[in-house]
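Undergrad: Chain by chain, the residues run as shown.
Number of protein chains: 2
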Amino acid sequence: MPLAIGSYEKLRDLSDGSDLLNLAWTQDERDLLGADVMAVVAQELTAEVAEGLPYTGDYMVKDPYGEGVLGPAVAEFFGRPGWTASVTCGAGVGPLLHGLSLLAAGGTVEVVTDVYPDFPHWVARAGGRLVPFGSGPPGDVLLLERPALTDHRFAGLDAVRELAAGAAERGAVVLVDESNANYCPARYSAANLAGELPNLLVVRGLSKAYGLGGVRLGYCVASASLTEAVRGAVAPLGASSLSLRIGRRVLGLGDVTSGLRAEIARNKPLVRELLSAAGVPGPVAAADGLPYVLFPEEPQAAVEALAARGVQGKVQPVWSATTGALTATGRISVPLAASRLAELETRLNREPTG
Amino acid sequence: MPLAIGSYEKLRDLSDGSDLLNLAWTQDERDLLGADVMAVVAQELTAEVAEGLPYTGDYMVKDPYGEGVLGPAVAEFFGRPGWTASVTCGAGVGPLLHGLSLLAAGGTVEVVTDVYPDFPHWVARAGGRLVPFGSGPPGDVLLLERPALTDHRFAGLDAVRELAAGAAERGAVVLVDESNANYCPARYSAANLAGELPNLLVVRGLSKAYGLGGVRLGYCVASASLTEAVRGAVAPLGASSLSLRIGRRVLGLGDVTSGLRAEIARNKPLVRELLSAAGVPGPVAAADGLPYVLFPEEPQAAVEALAARGVQGKVQPVWSATTGALTATGRISVPLAASRLAELETRLNREPTG
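So the sequence lines, in the order shown, correspond to chains A and B. With the working numbering applied, the first sequence has no gaps in its numbers, which climb one by one up to 354 at the end. With the working numbering applied, the second sequence has no gaps in its numbers, which climb one by one up to 708 at the end.
To be clear, the hints were calculated from the coordinates, so they are not data collected in a lab. There may be inaccurate statements among the hints.
[Claimed, not checked] When the alpha-carbon atoms are kept at most 30 Å apart in a straight line, the in silico DSS-like pairs for lysine-lysine are as follows:
1) A:K268 - B:K416
2) A:K268 - A:K10
3) B:K364 - B:K622
4) A:K62 - B:K364
Build the full structure now, drawing on both the sequences and the hints.
TA: In structure tokens:
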């Protein structure tokens, strides 16, 4: 399967075991958040029951994109109450991108940074084509991730402004996948530009950092002039009304990831050093904010070298903006809990088996 | 907006008022169910909190289509444990149909019965075309609703078998939208044929009859040979894990709509008679099971005649399998509570105003 979710299919398990340190995904982030997010979720569910299920019982046909519930919380989160941007909710970033791929149905997407393979997959499925940014054919949509895996060119908002201005000249929109921007402060987000740039879409969710992937809530912040196009592509009624309740409360907590960010920034170079010293081939620290160490050169060899030491990594599909094709990188999530970091060190110091 | 949800945009309100009997949608169905569905939902939420949020905290990357959680409950609901059909979950029937429209990207859909406009809209958006069934161009997908609004041709499973066999001969799949089949016994469903017919897709949800539209859970029952095609079209991770918990419990209640069905069958002809006697133009009882009286001939005039008597109806967009184009019908939901039926009678006996 060419979707990112396919990379989990072959994994035996998702938790640590006596014979396995599982770094195939993040699992120790919640403890480092500035609020007990799961306690907050429990409070909301308890209140929902006590209040007679006002959200669960509400079929939101009058607010089918969840803007009435979540919009003010999103504006507040970015410190921009009253902005002109619109908020369109869906069942997570993945389903939103699936819908937004229709913006390029029969058209062209220029891929600006390396990206997860899902959006390219859905674009191709809808008869669109994908080309590396600036390689010739002008795109209807420019796609990038922020933070991108290893690419800092668009880490600053001025670079995004410039990209969007160039795209606007040829009638293209800029779609920014910020799933991973929960690992950055709110001021980092390109959503801050949606009131200013007429051709900007920014998609974000609650899976990364918050650990609320099960809630299935994503939102697309769009320039006002793009709202109709977004809602002509994304299915209405994608988010559960209870998930919207939870999301509103969680965004209302404000910036809760500063402690997590600090721990990632501290551990990531240490982990890269450990891997390098242990001879795992080609470890690269992912871009600022991201909780990953990558193995772009020899993904399979790196994952196998880790497996021989009882460490579970993952081969992650990537659509490469350099080669214009589907490729892969190796990936581990940086252990954050002290005990798991120590465990990684112990395992890397052992003789490999198998 | 050409989506069905657009028909709610102009409605002032969704509940009854002193000057309004709101029949624009169903709102008195829950009381007639054989179980207190909202109490069951409350139990599940309470248990979820007591158990430490096992579902909410679970990002279902190893079960991205919810089949592990919901599949056995669906099979059990239809009395077919161990069937070969697959279950692919999404955020409701609408989002599932949005995804499934990619099955006809760049291809042709033959529309067999009058249908809600959403699937045709998404197909056209993805570069596909729509034609009335049997009008010439062979379809990649045959689309029908069961029950269809006023069309009984495919009410029996033998008719579905025959349709699917004919479609199979030319390599087409049959997609059945059974959103409204919650108003029928489980044995009515074409899902019962998914183990037998290789080219069948049946989409169902929990919005109609159950009143759980806010939970955003739909499922696609597919012949085993079509599972890969379905999951190549529908976004993974569409359903919230808590919604899957709720859905599993609700389907586990078995057939809870028999009392509701009986009340709809009793009131629908009465309401049609009342409307006819009051001179509202052209009321037609919708097909067996459906809780609607329709005004296909003069939708706008009928809705205005109702409004002049303080009754809120709705103009509902429909893609017509007869004309091959978007059209509309007038619609009211049959009042089921005795007090609301009496209120309708009182209002229809008044002199119209305005």
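Undergrad: Take the hints in turn and mark each one as holding or not.
TA: Results of checking the hints against the structure:
1. A:K268 - B:K416: The given pair, whose Cα atoms are some 26 Å apart, holds under the 30 Å limit.
2. A:K268 - A:K10: Distance ~26 Å between A:K268 and A:K10 Cα, so the pair holds.
3. B:K364 - B:K622: holds, 26 Å
4. A:K62 - B:K364: holds, 9 Å
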